[in-house]
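Visitor: Here's the letter readout for the chains.
Number of protein chains: 2
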Amino acid sequence: MELHVDDLHAALGDPALNSMNFLNEVAQHYPDAVSLAAGRPYEEFFEFSALHRYLDTFRRHLVDDLGQSPGQVHRTLFQYGRTKGIVHHLVARNLAVDEGMTVDPEAIVVTVGCQEAMFLVLRALRADPRDVLLAVAPTYVGLTGAARLLDLAVRPVATTESGVDLADLRGQIHRARSEGLRPRACYLMPDFANPSGVSIPMSDRRALLDLAQEENLLLIEDNPYGLFPAGDDRRLPTLKALDTNRQVIYLGSFAKTVLPGARVGYVVADQRVVGADGATSLLADQLAKVKSMVTVNTSPLAQAVVGGVLLEHGCSLVAATARERVVYARNLRHLTDGLVRRFPAGSSVRWTAPTGGFFVVVTVPFPVDDALLHRSAREYGVLWTPMAHFYDDGIPVHALRLSVSAVTPEDIDRGLDRIAEFVAGEVAGRGAVASAY
Amino acid sequence: MELHVDDLHAALGDPALNSMNFLNEVAQHYPDAVSLAAGRPYEEFFEFSALHRYLDTFRRHLVDDLGQSPGQVHRTLFQYGRTKGIVHHLVARNLAVDEGMTVDPEAIVVTVGCQEAMFLVLRALRADPRDVLLAVAPTYVGLTGAARLLDLAVRPVATTESGVDLADLRGQIHRARSEGLRPRACYLMPDFANPSGVSIPMSDRRALLDLAQEENLLLIEDNPYGLFPAGDDRRLPTLKALDTNRQVIYLGSFAKTVLPGARVGYVVADQRVVGADGATSLLADQLAKVKSMVTVNTSPLAQAVVGGVLLEHGCSLVAATARERVVYARNLRHLTDGLVRRFPAGSSVRWTAPTGGFFVVVTVPFPVDDALLHRSAREYGVLWTPMAHFYDDGIPVHALRLSVSAVTPEDIDRGLDRIAEFVAGEVAGRGAVASAY
Chain Y
1 MELHVDDLHA ALGDPALNSM NFLNEVAQHY PDAVSLAAGR PYEEFFEFSA
51 LHRYLDTFRR HLVDDLGQSP GQVHRTLFQY GRTKGIVHHL VARNLAVDEG
101 MTVDPEAIVV TVGCQEAMFL VLRALRADPR DVLLAVAPTY VGLTGAARLL
151 DLAVRPVATT ESGVDLADLR GQIHRARSEG LRPRACYLMP DFANPSGVSI
201 PMSDRRALLD LAQEENLLLI EDNPYGLFPA GDDRRLPTLK ALDTNRQVIY
251 LGSFAKTVLP GARVGYVVAD QRVVGADGAT SLLADQLAKV KSMVTVNTSP
301 LAQAVVGGVL LEHGCSLVAA TARERVVYAR NLRHLTDGLV RRFPAGSSVR
351 WTAPTGGFFV VVTVPFPVDD ALLHRSAREY GVLWTPMAHF YDDGIPVHAL
401 RLSVSAVTPE DIDRGLDRIA EFVAGEVAGR GAVASAY
Chain R
1 MELHVDDLHA ALGDPALNSM NFLNEVAQHY PDAVSLAAGR PYEEFFEFSA
51 LHRYLDTFRR HLVDDLGQSP GQVHRTLFQY GRTKGIVHHL VARNLAVDEG
101 MTVDPEAIVV TVGCQEAMFL VLRALRADPR DVLLAVAPTY VGLTGAARLL
151 DLAVRPVATT ESGVDLADLR GQIHRARSEG LRPRACYLMP DFANPSGVSI
201 PMSDRRALLD LAQEENLLLI EDNPYGLFPA GDDRRLPTLK ALDTNRQVIY
251 LGSFAKTVLP GARVGYVVAD QRVVGADGAT SLLADQLAKV KSMVTVNTSP
301 LAQAVVGGVL LEHGCSLVAA TARERVVYAR NLRHLTDGLV RRFPAGSSVR
351 WTAPTGGFFV VVTVPFPVDD ALLHRSAREY GVLWTPMAHF YDDGIPVHAL
401 RLSVSAVTPE DIDRGLDRIA EFVAGEVAGR GAVASAY
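Line by line, the protein sequences give chains Y and R. Going by full-length UniProt numbering, the residue at position 18 of the first sequence is 18; the numbering climbs one at a time, nothing skipped. Going by full-length UniProt numbering, the residue at position 307 of the second sequence is 307; the numbering climbs one at a time, nothing skipped.
Do not rely on the hints blindly, as some may be mistaken.
Here are some, though not all, of the chain R residues that point toward chain Y, as calculated from beta-carbon distances under 10 Å [said to hold, decoys possible]:
hint : residue
1    : Asn21
2    : Pro70
3    : Leu242
4    : Ala276
Computed footprint of chain Y on chain R; a stretch qualifies when at least three of its residues, placed anywhere within it, have a C-beta under 8 Å from a C-beta of chain Y [unchecked claim]:
hint : segment
5    : 4-15
6    : 91-100
7    : 245-257
8    : 286-295
Here are a few chain R residues that face chain Y, going by a calculated C-beta distance under 8 Å [claimed, not checked]:
hint : residue
9    : Phe46
10   : Arg59
11   : Leu77
12   : Gly113
13   : Leu149
14   : Leu152
15   : Val273
16   : Val274
17   : Leu282
18   : Ser299
19   : Ala302
20   : His374
21   : Glu426
22   : Gly429
23   : Arg430
To be clear, the hints were calculated from the coordinates, so they are not data collected in a lab. Being a predicted model, the structure only gives us computed values, none of them experimental. Idealized CB from N, CA, C, for every residue including glycine.
The shape of chain Y in the complex, shown without the other chains (with noise of 0.2 Å):
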């Protein structure tokens, strides 16, 4: 029995899809290149008898706050459980704590990872070929992979200095209602941007609500940097913290303030829907019946290790983060400096100055694609992210992102100096080419 791909859904097929797998395959093919790819958390700080505790920990909140006995513990941490997880409440907790959002805890689905929740909302949202997606350019490939399986179409929206061109969203959604579209929703990250590091400013925030409201368009708002500012500004609140309307669906992550190997997230979908029968649900209920058929429900071994790490620090991952938010903002601030003194003032390389997060995408002076990254991986040791992948549209793209994440500064001066090297020798070799010609 032998298939053909073009007889497997279409999403195989695509380019979205293959990133992913593009991007491990070429860090593994080069284990001594220096990566400045990794989106990953730092992990010095990983303990392995910590597991220990985080389950004690959590065992020990269903004996002493929930009142279980030793069967209910058993069946609650081995059995098949609630579709919508067991953390919810430590889940609203941390959103009260940290976020002050006052969230219902039956408005939590608690994910395999935020991938997860992503999927489940697209596949809710897209019940018609007229239904479209816009999201946010340039948009994190994980969004697009999962709206290829589900053949929904994704349309970028503008991106400013400030995260959104309002104007441009105003006139996408439009410009697919003209054409007998569907605009179900916009994706978008509104802190310290994977891949941009971009964050949108306060009033922008409040000008995003108003517009979906206007648009009566829900907004996909995805937060899995906001913990990570790196100077000593206070954090914004998120868009959902502003949301009076119920206009946003949040889509949370334990994979950059927990671990990513729990593969916890969740999603708060507070918007009511009507039923047939004129009775009202939460979205929640709705995404949980598709859960159902998905993954049944998230490992709650797996919960209870976030629980523990919850319950630990008061519910608050500000305060659980605390060494790792320091490494993240000596790090990038450590690379920005470290870009100024390779690429000085009247250099053709200019690159963003995020405020917090993993990520700075470099402008270079040529395109960036994968053949680029193989050749900057094996002649220069050095691998980042070409900024291509970010986009859906095949135009070749002029950057590339390097992220802070997962290094030493030490691993970044290397690293920085290998990109200099890389860039010069590229600029050179193009200059060659054209004088030659």
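Starting from the known structure of chain Y, fit chain R onto it as the hints suggest.
Guide: Chain R in isolation, oriented as in the chain Y frame:
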């Protein structure tokens, strides 16, 4: 912002997606009822402290057997990881030890429970509106629900006492093709099926594989209960063990053999897929691409728990489940003996006599719907599952499913007493109504 269910994906209005929710809600609504409904594994042997031991065992395996450094151990367990999983080599060893199957570990994708495995396979195979899935009916509702989410029509194949009506299977394939449709695969559980309890005899296994090869049809073999024969008979080989032509996609679950709360399952997909460029890959690699956009990867912490159990039993789940097998066999005997005593020969009540697994189907002289389940719970204090949930056509079914997996012999006695009263009440009530007209 308010949504209407009609604006969401059509599956959300479908009975198949509400089935699990409905059954869970009934169970929660009548907590004091005896439940012969739940297909959960036996929970008396669960031990919280064993979780720590499994994690430690798996950590030692990473260090001692795979030579990982402490940093690599942290990365394996805490970080994002291999999309196809980190216990694939142990799963392959398990299949060799327990099933005599030789499986390339690279052809295995470790998934978030068997449900995700099912979902990934259906997503990959459903490329076109002409695609349909065949499934031996009655069918596990999770299969139907997953297919609904993917707009994949499911066509039933008739069951005989030996599991699958081969003539009907061939007829369904031809009928679909003559309608211009593409039957992509046939889903079935050859061993102690949920819900029918039926197993396919050896001769039919070979005939089924021959038919699949002749018709160029994939078989999706789901095997959650195969390790639980009730007698001393040798277990039959799986279809995949007999498969010489890569005709079978094999779905595995650790929910019934290790613990549901790990949410770890897997798929063996060793089919070759020819790409647009002529290069071949394994179907497992295509499924991994889908998975990367659904859940990224399966929690390595959850995999470590399953890995620890496998390692502690020489990768034999036959060995790991010795105590449970005794319980299930005893309960199944106790249930069928109890049915004999309560419904003597000549009664209009009949039941299946499975040779293993969790389930017995009881046929009664009246249609069994959800309203009757409510009445049984409310008035008689006993829960079971209406067989109508496992058919997709809305036709009334005169049968209910009893499960023996999560109960004691005393529960079975009390449950059967109540079912006998319930059946008597229904028969009398209906007789009264009939004679009143």
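Visitor: Looking back at the hints listed earlier, which ones does the structure fail to meet?
Guide: Hints 3, 6, 14, 17, 20, 21, 22 and 23 are the ones this structure does not satisfy, whereas the remaining hints hold.
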